[in-house]
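Construct the entire structure; sequences and hints are all you get.
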Amino acid sequence: MLSSLPALDLVLWAVTTLGGLLLFGLILGTQLDREFPFLTIYIGANLLQTALQLFLYQLYGFESHVTYLAVWSSQAVIVTARALAACEFCHRVLGHYRGVWALAIRILLACGALVVGLTLAFGRDGFRYAVMTLEMASEAFIATIAVGTVLFARHYHAQMGQSALLLGLGFGLNSCLKILNDAFLSRYWRNYSGMWNEVAMVGFAGVLVLWVFAMRAAATEYVPRPELQPAEVYRVMAPHMNRKLAELNDQLVRLLKAGRQKP
Amino acid sequence: MNVAFFILAVVFALAVAALLLVASRSSRRVRRRRDGLAVLDSAPQHLCNMGPIRRSQDGVDLEYVASRGGRELAKRLRRERHEVALLYLDSLRADFEQLLRIARVVALLSPEVSSSHEYERLRLALQFRFRFQLVKLRLLFGDAAMPQVAALGEMVSTLAIRMETAMQALGERATLAANLALNSER
Chain P
1 MLSSLPALDL VLWAVTTLGG LLLFGLILGT QLDREFPFLT IYIGANLLQT ALQLFLYQLY
61 GFESHVTYLA VWSSQAVIVT ARALAACEFC HRVLGHYRGV WALAIRILLA CGALVVGLTL
121 AFGRDGFRYA VMTLEMASEA FIATIAVGTV LFARHYHAQM GQSALLLGLG FGLNSCLKIL
181 NDAFLSRYWR NYSGMWNEVA MVGFAGVLVL WVFAMRAAAT EYVPRPELQP AEVYRVMAPH
241 MNRKLAELND QLVRLLKAGR QKP
Chain S
1001 MNVAFFILAV VFALAVAALL LVASRSSRRV RRRRDGLAVL DSAPQHLCNM GPIRRSQDGV
1061 DLEYVASRGG RELAKRLRRE RHEVALLYLD SLRADFEQLL RIARVVALLS PEVSSSHEYE
1121 RLRLALQFRF RFQLVKLRLL FGDAAMPQVA ALGEMVSTLA IRMETAMQAL GERATLAANL
1181 ALNSER
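Quick note, the sequences are listed as chains P and S, same order. With my numbering, the residue at position 4 of the first sequence is 4, and numbering never jumps. With my numbering, the residue at position 13 of the second sequence is 1013, and numbering never jumps.
FYI, nobody ran anything at the bench for these hints, they're computed from the structure. It cannot be assumed that every hint is accurate.
So the derived label-pair ranges between C-beta atoms look like this [claimed, not checked]:
hint, chain 1, residue 1, chain 2, residue 2, range
1, P, SER64, S, LEU1014, 29 to 37 Å
2, P, LEU47, S, LEU1137, 56 to 64 Å
3, S, VAL1010, P, LEU52, 28 to 36 Å
4, P, ALA76, S, GLU1097, 40 to 48 Å
5, S, LEU1021, P, SER193, 24 to 32 Å
6, P, ARG235, S, GLY1069, 20 to 28 Å
Cβ atoms here follow ideal geometry from the backbone N, Cα and C, with glycine treated the same way.
Printed below as a string of structure tokens:
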């Protein structure tokens, strides 16, 4: 049955499976599974899904209802595992900074939920593309979490090692590519359905390369745990700083008005 | 799939990807540029020049030069003073940004952060930057009162002094922590 697939698809499938195996082996070999448990589970689940797909395609074929249900159900598990791995990335970057983390996770989850809600609301287009819409909503959530984490880290000048940066890029770009891929497939089904799978696999292969580099960096990288200051310092300084900023703004307004009043 | 949703999805994906690439590139640049402790050590440096700058903008001098040296010299002096004022304004902005950076380090290393304070600071900082550009434009067209620019400098200075005092109160512990937080991959 698999032999009926185009040669390019088979090659890409083999490449992504080998890439996944390499990454999984690298994580286990360098004992990074303790540091990245959800990423390990996600990569493992991805490999299991490949094995399941092979089995189902051989047994039931590509057009079977059983295959359709099983593959898309397993995809739900994979997307959930990836979302958890994305949250793990977020915690790895901001988790050391307890105060900022408490703030960031709330904002990121709220933004993620909003994006999911909007996608589902705008994407209501009958049941034909319901699975696509659900996948796009999940990918939008992951992309929001990834980009939000990088923006938070940038705003607060939080330390972001090379491994975290590559990991975040992988999550974000993978999700964006999947959203684009699914959107084009849903809109231009006839012309695009032949390319959809190849584009997804090429994109995933690229992401796997990023993650292999990320894990190699994580194996050698030293991530110091910062010692936090007493909460009192922030409690005193933050309102004072804001008050002064407001005064500065008022001063600017006065300056502008004074300039305007000049003859 | 309807056209509107398709366009929204494509725009969202492209925007997020671009934002991710730009933010990760600039965060790498920030990391390279900033050497941990430097953020805390290099507290506002330009504010000490405020006195001489203010004196240099005194209108009486201009009148004196015009009466003694002629209109050409007075014109040249006005132009040069204008440039000095613009440079001073830029340095004030640099000092202000430095103070904001210190405030962010304080927030980063605090076990509790208030979302309202953080949002307020972000909003005020954006507002400040916008208004600052307007003032700069006004000065660029020679239409801003220098004493008020000096008053602005005084306010940044007050803020700097308070921040510096608070940073000293943090002591070595915070300095070490900030160093750990900001000194990546050295």
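Against the structure, the hints:
1. Evaluation of the 29 to 37 Å hint for SER64(P) and LEU1014(S) yields a pass: the beta carbon distance comes to about 36 Å.
2. Checking the proposed 56 to 64 Å range against LEU47(P) and LEU1137(S) shows it holds: the Cβ atoms sit about 59 Å from each other.
3. In this structure the hint that VAL1010(S) and LEU52(P) lie 28 to 36 Å apart at CB holds, the actual value being about 31 Å.
4. Between ALA76(P) and GLU1097(S) the beta carbon distance is about 46 Å. The supplied range of 40 to 48 Å therefore holds.
5. The hinted window of 24 to 32 Å between LEU1021(S) and SER193(P) holds, with their beta carbons roughly 29 Å apart.
6. In this structure the supplied range 20 to 28 Å is violated for ARG235(P) paired with GLY1069(S), their Cβ-Cβ distance being about 57 Å.
Violated hint: 6 only; the structure is consistent with all others.
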